[in-house]
Each structure stands twice: as structure tokens, then as C-alpha cells.
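Participant: Just so you know, the protein sequences line up as chains A and B, in that order.
All the letters of the first sequence, read from the start, carry residue numbers 1 to 175 under full-length UniProt numbering.
All the letters of the second sequence, read from the start, carry residue numbers 1 to 175 under full-length UniProt numbering.
It cannot be assumed that every hint is accurate.
The list treats identical chains as interchangeable, and a pair is accepted whether it falls inside one copy or across any two copies.
[To be verified] With a Cα cut of at most 20 Å, we get these calculated DMTMM-like pairs of lysine to aspartate or glutamate: (1) 83 with 155; (2) 79 with 55; (3) 83 with 116; (4) 90 with 43; (5) 79 with 50; (6) 90 with 158; (7) 79 with 117; (8) 90 with 76; (9) 79 with 155; (10) 83 with 158; (11) 79 with 158; (12) 90 with 55; (13) 90 with 155; (14) 83 with 43.
Hints listed in this document are in silico derivations from the structure and should not be mistaken for laboratory results.
2 protein chains.
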Amino acid sequence: MPDPADALSCHPIAFARSPYARRIDAPHQPTVVQGTETGHAADALIVFVDGIPTEAFRDLAGFERIWLLFAFHRSEGWKAEVKPPRGGGKRSVLATRSPHRPNAIGLSAVELVAVEERALRARGMDLLDGTPILDIKPYVPYADAFPQSRAGWIDAIDATQGRQSAPGPRRPRTR
Amino acid sequence: MPDPADALSCHPIAFARSPYARRIDAPHQPTVVQGTETGHAADALIVFVDGIPTEAFRDLAGFERIWLLFAFHRSEGWKAEVKPPRGGGKRSVLATRSPHRPNAIGLSAVELVAVEERALRARGMDLLDGTPILDIKPYVPYADAFPQSRAGWIDAIDATQGRQSAPGPRRPRTR
Chain A
1 MPDPADALSC HPIAFARSPY ARRIDAPHQP TVVQGTETGH AADALIVFVD
51 GIPTEAFRDL AGFERIWLLF AFHRSEGWKA EVKPPRGGGK RSVLATRSPH
101 RPNAIGLSAV ELVAVEERAL RARGMDLLDG TPILDIKPYV PYADAFPQSR
151 AGWIDAIDAT QGRQSAPGPR RPRTR
Chain B
1 MPDPADALSC HPIAFARSPY ARRIDAPHQP TVVQGTETGH AADALIVFVD
51 GIPTEAFRDL AGFERIWLLF AFHRSEGWKA EVKPPRGGGK RSVLATRSPH
101 RPNAIGLSAV ELVAVEERAL RARGMDLLDG TPILDIKPYV PYADAFPQSR
151 AGWIDAIDAT QGRQSAPGPR RPRTR
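Isolated chain A, as found in the complex:
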């Protein structure tokens, strides 16, 4: 077995420019960003750092969605259980999408609007302004889309509350 003390050191490949300045302002998933349901979600930018050449991302053109793997850079520490905003008491942190995790990495599927010279234009981003982005992958339905997957305690709460949606603000409270 490899040594758990081994570390993987990650460096930002890009930074998010978004309307969300504070943690309390950020939606809890890209699908609940203001305007996502109406098709008028605000644009946001993913600006690449100098070390990433255009050749490394231009073929993202033509993909409808991309995965963003990012650092929850404002989160510090973690606990084994957290209280999700949906309610229902404490849950195992790894059974939630909480930003306070053993490794503070976030995962969001956002809409890709355009590939620009040194940036990507995206829609429905739930990232805070200045968030370091660690990786971008194409969203590929055969590997990523399982629309009928059972979702444990989340399904149970949705059934009780009669609504399938994430909580949290849908529009930025500050700019």
C-alpha cells in the first residue's frame, strides 16, 4: 500500500471571474445559478494562467458542458459530519458536497459558452470570484450522465419536501 503521507501538489491552471464575492453569495450548484432555468444565466470567465498555452484548451470548443475541478480556497479544516443546508441533521461529509472536506476540491459541471483567446466564457458558474481552478475536463455523457441514479439521503429529503432542487441563493447579493 502506498504511503498516505504522500502529497499531490496542485497549482492553479486558471482563475474564476464570477459575480460571487462572498461565500454566502454563492449558489450551491451551477444548476441553481440565477437564470439557469430561464436560459439567461449570467456569464462568467475562466482566465488561464500564463503557463497554459492556447493549444491546451482550444479543442474544448464544441463541448456543451465542462467539468471544473477547483480549490475551495476559503475553506479551512473539516469535520467527519456536517449539517447540509437542506436540513435533516448531520451527514457524513463525504456524502455531501460541502466545501469543508479532507481535500478541499470542488466539482462543478458548467455550460461552456465560448473559447476565447486566453479564457473560457461559461454560464451558470457557482464559483466564488478568484477561485483557483485545478483542472478542466470535457463533459462526456457516456461517462458522466446517470440521470436515474438513486441519491440516498438527498432523495429522501426531496421526497419529504416535495421539490427536487438545491437550496441557496440564486443571484449574487454583492457585485
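Got chain A; can you put chain B on it based on the hints?
Facilitator: Just chain B now, kept in the frame of chain A:
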């Protein structure tokens, strides 16, 4: 803008035990693991390190799929463009799921079979034996499933080849 030199240091929360010992043996996505199509895919284990208590993962019970964020620990270095196994010439690395990336982080949605005392039993895992796992998140369809998403150059190649699937071995060549 934050400093691109800032690093996020990640430590393994678990290690994969799988039938795939060498890179050449590994399938190219969980959906092409041997038996996945027939429902008889081999089990694999995700064994937690001592620092992760049971309370941190037991509520994963009831989720049909989980995301594994893991380190491509056998990959070294990256180039702006790679040749995908599907063919069609070089593509921007960030428009592929290549293990050779600026930050060597992988993403796989695998079937969760059981939550055990210090481990998860999973099905359809495409990870090499000994792969360090950095994060586990519940698969939540409202945030993760977009079955109709256009997939750029991959759609184009699938249309030419008349088949929607990833290439790569479907069963382990070594044990």
C-alpha cells in the same frame, strides 16, 4: 487576482484495490469495465486511511454512484496536446480525459455496492491498484447528469465510427 504559484497540497483519503496492475490494463472509463454492460462487473475496494473515521463516509449508503477524484500517480509531465486512443489526431489536453494533465487529477463515476467498516465496495472501477483517492462525492443527478450534452470532437469521431463508446481493454490482462 490570486497568485498562480499558490499550491494546494492534497493527501490521500483512501487507496483503490482493483484488478488493474499496469496502466496498459486499465479501461478508459468506468462504463467500459468488463461486465458493466451485462451487470456483472468485478468488485473493487476503496480502503480508507486511518485518519478518516467511519462517520465521514457511512451516509454514502443509499447512493447508487459516487464520484472518485484521484491522483494519476503513475503519470509524469504533460503536453498541451495529446493523441487520444479514439484516433483523429492531436487534441488539446484539457479537451480530453488523458491522465497526463497539468494537475494529474482523475474523475470517475463508479457504482457503489456497499459501505463496509473501513472501505467502500464499488463496481466498474477503472482505477489502477494502489491509486490514491483524494475525494469522494455523492453522485447527484440534478447537478451531474446532462445526458444530451454535445461532446465536440468526441461526437464527431463517434459519428464517423458509428459507435458510441470509449476504447481500451474491457478486462484486466494481469491480476
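Participant: Would you mind marking each hint as holding or not holding in the structure?
Facilitator: Hint check results:
no., hint, result
1, 83 with 155, "within (16 Å within a copy, 41 Å between copies)"
2, 79 with 55, "between (40 Å within a copy, 9 Å between copies)"
3, 83 with 116, "neither (39 Å within a copy, 23 Å between copies)"
4, 90 with 43, "neither (34 Å within a copy, 30 Å between copies)"
5, 79 with 50, "between (36 Å within a copy, 15 Å between copies)"
6, 90 with 158, "within (16 Å within a copy, 44 Å between copies)"
7, 79 with 117, "between (41 Å within a copy, 19 Å between copies)"
8, 90 with 76, "within (19 Å within a copy, 40 Å between copies)"
9, 79 with 155, "neither (23 Å within a copy, 42 Å between copies)"
10, 83 with 158, "within (16 Å within a copy, 43 Å between copies)"
11, 79 with 158, "neither (25 Å within a copy, 44 Å between copies)"
12, 90 with 55, "between (45 Å within a copy, 10 Å between copies)"
13, 90 with 155, "within (16 Å within a copy, 42 Å between copies)"
14, 83 with 43, "neither (31 Å within a copy, 31 Å between copies)"
Taken one by one, the earlier hints fail for this structure at numbers 3, 4, 9, 11 and 14, listed in ascending order.
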